[in-house]
Structures are given as C-alpha cells and as structure tokens.
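My request is simple: use the sequences and hints to build the entire structure.
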Amino acid sequence: MLKEKIERVLQRVQKPARYTGGEFGSIVKDKAEVDVRFAFCFPDTYEIGMSHLGMKILYHLTNEMEGVWCERVFAPAPDMQAEMEREEIPLFALESRDPIGEFDFIGFTLQYELCYTNLLNMLRLGGIPLKAADRKGLAPIVVAGGPCTCNPEPLADFIDIFIIGEGEEVNPELIRLYADAKKKGLSRAEFLRAAARIEGLYVPSLYDVTYGEDGTISSFLPRDGAPARIKKRIIKDFDKVYYPEQFIVPYIETVHDRAMLEVMRGCIRGCRFCQAGFLYRPLREKTAGTLAASAHAICEATGYDEISLTSLSTGDYSGLDPLVRQILPWTKEEKINLSLPSLRIDNFPQELLDQITSVRKSGLTFAPEAGTQRMRDVINKNITEEEILSTCRMAFDGGYSSVKLYFMMGLPFEMDEDIIGINTLAKKVVEEFFREKRKGKGLSVSCSVSSFVPKPFTPFQFDPSATREELARKQQLLLDTVASRKVHLSWHDPNTSMLEAVFARGDRRLGAVLEAAFRKGCRFDAWDEHFRIDLWEDAFAECGVSTAFYAHRARSYDEILPWDHIDIGVSKEFFIREHQRAAEGKTTPNCRQSCAGCGANKLKGGPCF
Amino acid sequence: MKTVRFFFRKEGSTVYISHLDTTRFLSRVIKRSGIPVWYTEGFNPHIYLTFAQPLPLGCGSVCESFDLRITDDNADPADLARRLNEASSPDLPIFAAGEATFAPADIFYSAYRFTFTTSDPEGLTEQIQAFLARKSVPAEKKTKRGTKAIDIAILSSDPKISVEPDGVILEILLSSGVEDTLSPILYRSILGEACGIQPECGRILRTAMLNQSKTILTPVL
Ligand code: SF4
Numbered sequence: 001m002l003k004e005k006i007e008r009v010l011q012r013v014q015k016p017a018r019y020t021g022g023e024f025g026s027i028v029k030d031k032a033e034v035d036v037r038f039a040f041c042f043p044d045t046y047e048i049g050m051s052h053l054g055m056k057i058l059y060h061l062t063n064e065m066e067g068v069w070c071e072r073v074f075a076p077a078p079d080m081q082a083e084m085e086r087e088e089i090p091l092f093a094l095e096s097r098d099p100i101g102e103f104d105f106i107g108f109t110l111q112y113e114l115c116y117t118n119l120l121n122m123l124r125l126g127g128i129p130l131k132a133a134d135r136k137g138l139a140p141i142v143v144a145g146g147p148c149t150c151n152p153e154p155l156a157d158f159i160d161i162f163i164i165g166e167g168e169e170v171n172p173e174l175i176r177l178y179a180d181a182k183k184k185g186l187s188r189a190e191f192l193r194a195a196a197r198i199e200g201l202y203v204p205s206l207y208d209v210t211y212g213e214d215g216t217i218s219s220f221l222p223r224d225g226a227p228a229r230i231k232k233r234i235i236k237d238f239d240k241v242y243y244p245e246q247f248i249v250p251y252i253e254t255v256h257d258r259a260m261l262e263v264m265r266g267c268i269r270g271c272r273f274c275q276a277g278f279l280y281r282p283l284r285e286k287t288a289g290t291l292a293a294s295a296h297a298i299c300e301a302t303g304y305d306e307i308s309l310t311s312l313s314t315g316d317y318s319g320l321d322p323l324v325r326q327i328l329p330w331t332k333e334e335k336i337n338l339s340l341p342s343l344r345i346d347n348f349p350q351e352l353l354d355q356i357t358s359v360r361k362s363g364l365t366f367a368p369e370a371g372t373q374r375m376r377d378v379i380n381k382n383i384t385e386e387e388i389l390s391t392c393r394m395a396f397d398g399g400y401s402s403v404k405l406y407f408m409m410g411l412p413f414e415m416d417e418d419i420i421g422i423n424t425l426a427k428k429v430v431e432e433f434f435r436e437k438r439k440g441k442g443l444s445v446s447c448s449v450s451s452f453v454p455k456p457f458t459p460f461q462f463d464p465s466a467t468r469e470e471l472a473r474k475q476q477l478l479l480d481t482v483a484s485r486k487v488h489l490s491w492h493d494p495n496t497s498m499l500e501a502v503f504a505r506g507d508r509r510l511g512a513v514l515e516a517a518f519r520k521g522c523r524f525d526a527w528d529e530h531f532r533i534d535l536w537e538d539a540f541a542e543c544g545v546s547t548a549f550y551a552h553r554a555r556s557y558d559e560i561l562p563w564d565h566i567d568i569g570v571s572k573e574f575f576i577r578e579h580q581r582a583a584e585g586k587t588t589p590n591c592r593q594s595c596a597g598c599g600a601n602k603l604k605g606g607p608c609f
Numbered sequence: 001m002k003t004v005r006f007f008f009r010k011e012g013s014t015v016y017i018s019h020l021d022t023t024r025f026l027s028r029v030i031k032r033s034g035i036p037v038w039y040t041e042g043f044n045p046h047i048y049l050t051f052a053q054p055l056p057l058g059c060g061s062v063c064e065s066f067d068l069r070i071t072d073d074n075a076d077p078a079d080l081a082r083r084l085n086e087a088s089s090p091d092l093p094i095f096a097a098g099e100a101t102f103a104p105a106d107i108f109y110s111a112y113r114f115t116f117t118t119s120d121p122e123g124l125t126e127q128i129q130a131f132l133a134r135k136s137v138p139a140e141k142k143t144k145r146g147t148k149a150i151d152i153a154i155l156s157s158d159p160k161i162s163v164e165p166d167g168v169i170l171e172i173l174l175s176s177g178v179e180d181t182l183s184p185i186l187y188r189s190i191l192g193e194a195c196g197i198q199p200e201c202g203r204i205l206r207t208a209m210l211n212q213s214k215t216i217l218t219p220v221l
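So the protein sequences, as listed, match chains R and B. With this note's numbering as the guide, the letters of the first sequence map in order to residues 1 to 609. With this note's numbering as the guide, the letters of the second sequence map in order to residues 1 to 221.
Honestly, I wouldn't trust all of these hints.
Unchecked claim - Subject to a maximum C-alpha distance of 30 Å in a straight line, what follows is the list of computed DSSO-like cross-link-like pairs (lysine-lysine): (1) R:K427 to R:K437; (2) B:K2 to R:K332; (3) R:K15 to B:K142; (4) R:K5 to B:K148; (5) R:K15 to B:K2; (6) R:K3 to B:K144; (7) B:K141 to R:K404; (8) B:K144 to R:K5; (9) B:K2 to R:K5; (10) R:K15 to B:K148; (11) B:K160 to R:K335.
To be verified - Simulated DEER-style distance windows between Cβ atoms: (12) R:D416 to B:G146: 28 to 34 Å; (13) R:G521 to B:T50: 44 to 50 Å; (14) B:T147 to R:E529: 24 to 30 Å; (15) B:G12 to R:D239: 28 to 34 Å; (16) B:T50 to R:W330: 34 to 40 Å; (17) R:P322 to B:K2: 40 to 46 Å.
Since the hints were derived computationally from the structure, they do not count as laboratory data. In this text the structure is predicted, and so the values were computed from the model without any measurement. Glycine is no exception: its CB is placed at the ideal position from the N, C-alpha and C atoms.
This is the structure:
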C-alpha cells in the first residue's frame, strides 16, 4: 500500500529521482538478516546531501558491519512534502522505502545551523516524537553528529545522543552497544546511561543547567555517572582509516558528483574565523600511495571521470606532488579529469600544471577573506597582497578570465578602511589583468562578501557579531566605493547571518524557539526562497528570547560558555591567547612552522609534526 | 571500428530519470564495464552515444536502444552486452546487442501500454472507449517555440483495451516520427482529464518502436 502510494506520488513531483533510491552502488540488504537498522538523515535536499563526503564514508562503513543496514534519508522538497502529507506517506528511507519510525537509529549529520528546522520537520514527518523526553521504548534512538555538534545545546531537547568527533571512530562502538542492549532488553534510560560512558558520546538529558540573573550559565552538572566533559574522538592513524571503494552514483546531477579523495583531515593554518580549522585538529594526512590506490578503485567501481582532492586546505597537503605523479598516467589513459585546488598554483611544478589544467579554464576562485593586510593579520589569514596578485597573474597568463574572490565583513576589530579595502584589492586584480594585452575580453572579478558569524571553538567565540544595521551600512559602503565596472559584488542576507549567529552560540533555551519557529512553518532556512525572518521573529518574541543576547553580546573570558563541557582537544586558554593576539593584530605561525601549543596534540598522543 | 546497437529496459527507479540523466548513467556504465569504446578526439574526449529515441521521464520501457562505436572489430556483441549489463543497475538491464538495423528516422510509431489502477474497471473501460471513439481530440503541445495545436485522435491508432488484475490496460500506438511525436505523458493527461482519473494512476510502458508500415523494429519479448 505504502509502496504504491509512493509510486503514485513520484509521478507528480519535481525531480522524482531524489526519492526513488536504486542508484548504482546503493546497498539493499535482506531485512530478515539485519539486527540494527540505521536511517542516516541529511537535513537538506538530496542534491546537497549526496555531495557530502562524510555521509558517503559513514554509509559504507556502517553497511560493512555484519547485521547492520544503513539507509539514506533526505529532506523532501516542499512539493514532495505536500504530496506526502496529502497521501499520508511517512518519511521513508530510500533503500527500503520503509518509514523511518521502524528504524533502530535515526542519525542526523549537522553541517550548518540553518538546517535545524529541517531536522524537526523530518522527525515529525517520520512520526517520531520531537522531544527526546517523549520517546518511549528502546527504539528509535535519535543521534546527531557533524561539526555543529561542537555546540549541541540548542538541540539538546530533541537529540538522544550526540556524537562528538569522528564517526568512523565512534559509530561502530555505539551501534554494537545498541545491538547488545536490544538483545538484553534494556530500557531506553539504561541504554542511554551506558552510552554516556563511551568516550565521545554526549547524552544531553543527563545534565542539569542553571542560569544566573544576567542570563548566562551558572552551572552545568552531569548526573548518573555521565562525564563532566565529553572528549572528541579522532582517528589516530588516518592513513589506515576506512575509506569506501564504492560511492553511490546518483542518477541526477548533484553539487559534487565525482570521485572525492580526502587527502587529509585538519588544517595547519589557524585562521581565527574558521571553526573547522580548529575542530578537526590535529592535522592528519594520508600517504600518496594510499590515495592513489583509493582513486583508482573508486573510478573503476563508479565510472566517474573526474577526481577531486578534498580537505580544508588541499594546497597544504605535503604529498601533492607525488600523488599527482602517481595518478596522472592512468587518468590520462582513462580520460579522467583531475581537479586541483587553485591556491597552490604558485608553487606547483609547471609541467604538471600544464597537463592538469588543460581542460577546465572557466573560473578561478580565491579567498583573501579581508580587504587589508591589517585585517588579514587580525584574522590570521596569512596571505599577502603580492601573493594574491601573483596568483591572479598566473591564472590570467594561463587563460582564465574570470576570478571569484571571497571576503567577509562584520569581522571583529574591523574598520571602514577594511571594507573599502575590498574594493581597492578587487581593482588591483582588474589592473593586473590589463597590465598586458590579453585575448580574453570578458574579464570579470566577482567579490562575494559574506557576513562573518562568530563560532564556538574559535578565538572569536567571545566577540559580538555585527548587527543587521551595521552590516547594511557596510554593504552600502561597499557599493559606494566600488572602483571598477569589471567588479561585481554580492553578499548574504543579514537576517540569515543573525539567525546563524544566534544558534551557533546558543544554549538549551533556544530549543523552545526552534520548535515554535518550526510549528509556524519555518523550513530550509538556508534557502533564500524559503527563509522567513518574520516567522522567526514571532517565535523569538513568543518565547521571550532575545536574539541580541546570543548574537551581539561580547562574552568575558571567564563566562561558562554553553559548549564548555565539550572538549575538542584545543584549550580555552589557547583561544583566549589567540583572541588577544588578534586584538593586537599579531599573526600566529602555522602548525608546520611552529607549534602554538593549542593542546590538540594530546588527542594524537605525541607531537603533531 | 564498428557500430553496435544495445537494447535496454527502464524499470523501477530508472523510470524516473530524464533522457539526459540516462545518457550520463550509461556513460558511466560503459566506463565501469571497460569495453573497448571509441572516444571523440580533441580537447575534452567523450564517449559517442546515440539513442534511437528519447523516452520521457516517468515512462518505463522494454525496447530502448543506444549505439556505440566499438574499437575492436572482433568483439562479440553479445559479450559486450553481457559486460555492460553486469556494470549496470538491476533497474536498467542491457539485454541484447547487434547491428544497427534501423535508423532513428525509420521510427514512425511507438507502442505504449498504459495501466490504470481503478476501483471500477468496467466504468473506466467504458469511458476510455468513449474517448477513443472521438473523431477529433484537439490539444496543445509545448514545443521549444511555444505551443502547437495538435489532434490526439489523429496521432494515435490501433488501441486495445483489456482488464487485468492490476487495472485497465490500454495498448496503443502513438505517433513517434521526427515531425509529429505525441508524448505519452501528454496523451495520459488528456485521456485522464476526459475520463476523470488522476493521471498518475496510469503507469506507462513503451513496448516497441515501429516503422511507417507498422512493422515492429525493436526486439519482441
Ligand atoms: S598542538 Fe601545535 S601543531 Fe598541533 S594543532 Fe595545536 S598548535 Fe598545531
């Protein structure tokens, strides 16, 4: 009956292949031989979720476990949701088309804060009680992982267990613990208490929070033997970590539809605005040999004709040269394209470069992040104007005629000169192009200027985010000072940034706001066409919660931050030190140059380099 | 070098992928299979893949085909088909191969089988019969250059109705020539409207492609 209804609905919706399953490489198991069923949920559309490397890795890793079947679930687009509601079709997993309510685990990956209403929406469509406290019986257990779990507090009401750290390391242990609990007939409460004892698992219901008069946290205390701090788990030997040799090959075009090779995890740079740079510390690389073998296996298994090297900063991967030398011969033979990070262009052997970039000459992207050297020093983006211009020159010489530059505004310690500096720099890039007679006429320099959002576990976690008025003023300033007709400016909606700022550093009291906004109909908040700031503002007002308290308030160094009980390995003292250096405009060398003593090396149990 | 024609079915999940997505899917099947296929020369080499006729998204088929240039003249078509099929998904079986015996321009009709699920098979049968009896059914067809007035009654022929356990079956030939193709999706929506049924209650399967004298060109199952 349900299967028939789904078929009928597929005939009506846009892009039905988002919901069919059956893609090459997807895994179907015999239900009768499975003890644990895991619904891996990505709280955004199919096209976005299927581009996500972490989901690919964990999908295959989980399915390699005996007796465990992991399936995929994505947020239905609004047209599909309307059809599902009309036909009373519960949210289902793609592989079996069974409702997610029948699963043992419902696991979300949280990549950005603005997907939180989608998470609630998916639970509701699956018929799962929204609040963790309202779920009875052992199954389903709702878990969440991914970068946003470094501050899990806004979702504490809704999630049974947060996974802190790398899923490859923790998930199998969690699943085995559950299988055992199921066999023994443990209750939900018993299982959750046992889970809290596993390093890297955070069970929010086992903690009590109290707040002081000024609204900040006055105490955060564990119960029932839960640890006071939850320590991030990492893969220590990254070269040996599980990596799939098969990817699911989507029928429809997704954002990244190619063989992705994760060359390393972590980043040496220490850019002060970048949460990922600190979350994934310490840096761990794979060897060129491992990657080359992986690349070959994936291309053979999938039929992909494009390989991309991914990581936070692939230009810093130390094995780039040997890796490219190892894979170039067969990629040429098999007509497979290799796309390389653009940043490294300046110190990459020209002969290799010529062979690689022969195909794609469409566009170059580049992230100076700030318009002046002073501001780049404040954020520790260690790149000089000369480096930016010389990279552009090389790109222009190589035939590129469009450059996209990424900047931020609303950074801590920012002055108007820094905003104007964005235009000055863009103009210099234009001048660089016309310094020589060039064939490519249609030069275009686009500057995407996003609004900076302070994130937990960065030196800027203490700083207020710029108000919407301030951002609007700075956007106008940018417009007023644009200095070339070849320069195109774009930016984000300040309302979206404000909401992101609230949830990034929010606490448990935001759960009520989130639920209220969801009930008013907020979904897909990261999508301009769906974002409803009016509904959000109503929700905040109804719950009596101030957005300014979370978004625009400076925190003192000794405040108990909502995420202080999460231990990502990098110490709060380090962030305070880095914050002070930022205030002084002092840069910090990258981890390869010298260790800044952030503390992450103890996760590895030795020096980082 | 020789050209080999491969026949495939679209069933299950692959019913819901467009012609463009089918092309990309097959390119990857070919790549995975490792069969000796010819690539275009030049800047961005790619596999040269031509289809008898595109199939609209939402339709199944048992008679689709594509042609490939094979660099090994001694390769056995049946063996190539087997290797491709192994590299394909179970929802897109590649089941036969041989010479390219007809050209896309030889196709004048496609045979479709519509399955309408209904709680009242007799009533629906009567309604469909009444619809089929109409001498003229004017409709509008969307083209790249706007809409074009067509007559569905003229563009369809040789209907056969039967009632089976899963619904009312209509088998019919729709014009499929270069000039006057009638999409089965459009046909279903107009028929559905006339008979008061939701169009999505009808599954569509292309069963054959025929030439001008209504001789079947594609493999008969
Ligand atoms: S311990 Fe030192 S080298 Fe390691 S990540 Fe921290 S700052 Fe970098």
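These are the hints, each one checked on the structure:
1. R:K427 to R:K437: 17 Å, holds
2. B:K2 to R:K332: Holds. K2 (chain B) to K332 (chain R) sits at ~24 Å (cutoff 30 Å).
3. R:K15 to B:K142: The hint holds at about 19 Å.
4. R:K5 to B:K148: The hint is violated at about 34 Å.
5. R:K15 to B:K2: 36 Å, violated
6. R:K3 to B:K144: Status violated; Cα separation ~36 Å.
7. B:K141 to R:K404: 42 Å, violated
8. B:K144 to R:K5: Violated. K144 (chain B) to K5 (chain R) sits at ~33 Å, over the 30 Å cutoff.
9. B:K2 to R:K5: 46 Å, violated
10. R:K15 to B:K148: 26 Å, holds
11. B:K160 to R:K335: 49 Å, violated
12. R:D416 to B:G146: 28 to 34 Å: 52 Å, violated
13. R:G521 to B:T50: 44 to 50 Å: Holds, at about 48 Å.
14. B:T147 to R:E529: 24 to 30 Å: 28 Å, holds
15. B:G12 to R:D239: 28 to 34 Å: For G12 (chain B) and D239 (chain R) the Cβ distance comes to about 39 Å; the hint is violated.
16. B:T50 to R:W330: 34 to 40 Å: Hint violated: Cβ distance 28 Å, outside 34 to 40 Å.
17. R:P322 to B:K2: 40 to 46 Å: For K2 (chain B) against P322 (chain R), whose Cβ atoms are near 41 Å apart, the range 40 to 46 Å holds.
The structure does not agree with the numbered hints 4, 5, 6, 7, 8, 9, 11, 12, 15 and 16 stated previously, though it agrees with the rest.
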